[in-house]
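*Asks:* Below are the chains, spelled out letter by letter.
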Amino acid sequence: MSEIEDLRAPSTPGQEAEILVDKGVPAGGEAFETGSQFKLILQTFLENKLAVVGLGLVFAAVLFCFLGPIFYHTNQVTTTYNINLPPGKGHPLGTDQNGYDVLGRLMLGGQSSLEIGFSVAIIATMFGVAWGAVAGFLGGIVDTVMMRIVDAFLAIPTLLLLIYLASVFRPTLKLLIIVIAGVSWLSPARLVRGEALSLRVRDYVKAVRVMGGGSRRIVARHIVPNAIGTIVVNATFQVADAILVMAVLSYLGLGLPPPAANWGGMLSDGVNYVYAGYWWLIYPAGFAIILTVVAFNLIGDAIRDSLEVRLQRR
Amino acid sequence: MTAYLIRRVLQSIVVLIGVSIIGFILEHLLPGGPAKALLGNRATPLAIKTFNHQNGFDKPLVTQYFVYMGHLIQGNLGYSYKLNQPVSQVLAREVPKSVLLVGSALVFSVIIAIPVGIFQAVRRNGIFDYAATSISFLLYSMPSFWLGLILIIAFAVNTHLFPAQAPQGSTIGQILAHPSGLVLPVLTLTLVSFASFSRYMRSSAIDALAQDWIRTAKAKGLSQRAILFKHMLRNALIPIATLIGLSLPSLITAGVVTESVFNFPGTGLDFVTAATTEDFALLLGIIILVGVLTVIGNLLADIAYAVLDPRVRYR
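In order, the protein sequence lines correspond to chains R and P.
With the working numbering, the residue at position 8 of the first sequence is 8, and numbering never jumps.
With the working numbering, the residue at position 313 of the second sequence is 313, and numbering never jumps.
Excised from the complex, chain R in its bound form:
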């Protein structure tokens, strides 16, 4: 979601193109061929304590949401009369307005939030990378047309487009994933196109061509692998963004219809009880979202930092 994207640009705005060129890549050929470089990146990544915290949080979230329900059985299907119970015996985090156990609902809701986050990141990144790599590699008029399309989509805030689409098509999980991915591929496309522009004139790419390597080989084996750092960092942020945007959609009542649970939807229901002081309907789901999003942002930041360190040490 563009709401937060701006913040994570590597440096000052308006200089994106230059930075991408400066960043450079190993001039020796296909990236990450030697294990040592990867090890160096991994090492700097692990040295970053915040990154380890982020990674730990993501693991914890996945375990909590997907393994939690196995150990902590709750009724999330039929409504009961035990509505809006404060945290206490039997319900560590209380119950909501349908009598569902909030802790159990957090696990269930987290499943769909994480599923959406990961799926969107994967789909959007694959599509965006393909789009950007082709545009940057071919250059010329094709590049201009392809990038103006990206610009036009970027002009319309993601959330507005999503709200419109969600009101036109009745959302299902799959459809939401496709729709959110459909508006999230723009930033990877731009980033990869920038990298591809600078990579396609490198000597080793020219060498591949001299040796008779086709365009497809150059894009798939040389340009995309060399841009992998940028791609991974962006994909991490995509997960965080997708979880946030999904929460907002659910809050506005345009998310998945009732039987399905997700963190944003839980908050949307809890809003009605703000004045009643039912804090257990507001804080747990909110903190779950924040912790997960912070975790992915930390990881993304750390990967970017460790890639920069790699460049510094060269």
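Don't read these hints as lab results, they were simulated from the structure.
Be aware that one or more of the hints could be misleading.
[Claimed, not checked] Coverage of chain P stretches by chain R, computed from C-beta distances (three or more under 8 Å per stretch; other residues unrestricted):
1) 152-161
2) 211-223
[To be verified] Some but not every residue of chain P turned toward chain R, in silico, with C-beta under 8 Å:
3) 19
4) 25
5) 26
6) 249
7) 253
8) 260
9) 271
10) 283
11) 294
[What the hints assert, rightly or not] Over the 12 Å line for every Cβ pair with chain P, so calculated as not near, a few chain R residues:
12) 46
13) 103
14) 205
15) 286
Positions of the beta carbon are idealized from the N, C-alpha and C atoms, including for glycine.
Given the structure of chain R, go ahead and fit chain P onto it with the hints provided.
*Replies:* The following block gives chain P in isolation, referenced to the frame of chain R:
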């Protein structure tokens, strides 16, 4: 400079045409077309046919696009049958209020973010730097509606300092008559945009501090204050000028959410209401308007950058 300007303006026009094409496609994405969206599922084939004929939806797509484009250029954004008003009339009434909300939040966040970012850069890796970084990190990992809720709980429910609902009224005057209701919505938006501005200001100030002319100024024996305000600040502010233009879409997004949290009677609330009442004409009208504003904002940001930083013009 002129060549740069002309190229940038032409590029923006192309993007604007792209935005209009997206709007056109979105309109035709409606299942069963605009007729069915408006007349409902039980509309007779004859009614649909008549509607399509009257509104030109039976013409070839290309012709329809040019008619649509013609309307857009004249400022005709369609007709909201739900509100029984032309969309442009609805927007003329609502947009100023949203501009008031988003604009004041923008001003406040920039005013706070600049000194905070500079201080962070000067005392890099100090306690204040870490604290400010953590806060901005937390703020932008937070769904903005949740932030609004927390502020409501803290300032409206628990302490009764400020009302939880924005002032209601159809004109700016009526809104301004109850300034206390504006506090929480503006605060929410300010915090959201402060998160990104302060980070940018920090990195921009760090970049500026590392430049040679700062070292020269130090070598000349200038005071810290003179260095910061005369040499560093002006250079560090250049990217902020661009950032304000670029952050328009994110500000508008946050505005939509904030307006619906606080029931602020502006364009964002209209957008959300239109989505739930399936008022597609109003939805598309707002999308087109925001798209055009964003493109113009980006253009102005680039021009400002070129004016402020001569190096850009010769790229």
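*Asks:* Work down the list of hints and note, for each, if the structure agrees.
*Replies:* The hints, checked one at a time:
1. Residues of the segment 152-161 of chain P with a Cβ under 8 Å from some Cβ of chain R number 3, which satisfies the need for three, so the listed coverage holds.
2. Judged by the Cβ-Cβ criterion of 8 Å, the segment 211-223 of chain P is not covered by chain R as claimed, because only 0 of its residues qualify and three are needed.
3. The interface hint given for residue 19 of chain P holds, since its Cβ lies 5 Å from the closest Cβ of chain R, which is under the 8 Å cut-off.
4. Contact between residue 25 of chain P and chain R, as hinted, is not supported at the beta carbon level, the nearest pair being about 11 Å apart and thus beyond 8 Å.
5. Taking 8 Å as the C-beta contact cut-off toward chain R, the hint placing residue 26 of chain P at the interface holds, the least distance being around 6 Å.
6. The closest approach between the C-beta of residue 249 of chain P and any C-beta of chain R is roughly 4 Å, which is under the 8 Å cut-off, so the hint is satisfied.
7. Look at residue 253 of chain P: its Cβ gets to within about 4 Å of chain R, closer than 8 Å, so that hint holds up.
8. Because the closest C-beta pair between residue 260 of chain P and chain R is about 6 Å apart, less than 8 Å, the hint holds.
9. Annotation: interface hint on residue 271 of chain P holds; nearest CB of chain R at approximately 7 Å, less than 8 Å.
10. For residue 283 of chain P, the interface hint holds, the least distance from its beta-carbon to any beta-carbon of chain R being 5 Å, beneath 8 Å.
11. For residue 294 of chain P, the interface hint holds, since its Cβ comes within 8 Å of a Cβ in chain R; the closest pair sits about 4 Å apart.
12. Listed as outside the interface, residue 46 of chain R is consistent with that label: its C-beta sits roughly 20 Å from the nearest C-beta of chain P, beyond the 12 Å cut-off.
13. At roughly 19 Å, the least C-beta separation between residue 103 of chain R and chain P is larger than 12 Å, which holds for a residue marked as non-interface.
14. At the 12 Å boundary, the C-beta of residue 205 of chain R stays outside the reach of chain P, the nearest C-beta of that chain being 24 Å off.
15. For residue 286 of chain R, the requirement that its beta carbon stay farther than 12 Å from each beta carbon of chain P is not met, with the minimum near 5 Å.
The structure is inconsistent with the numbered hints 2, 4 and 15, although it conforms to all the rest.
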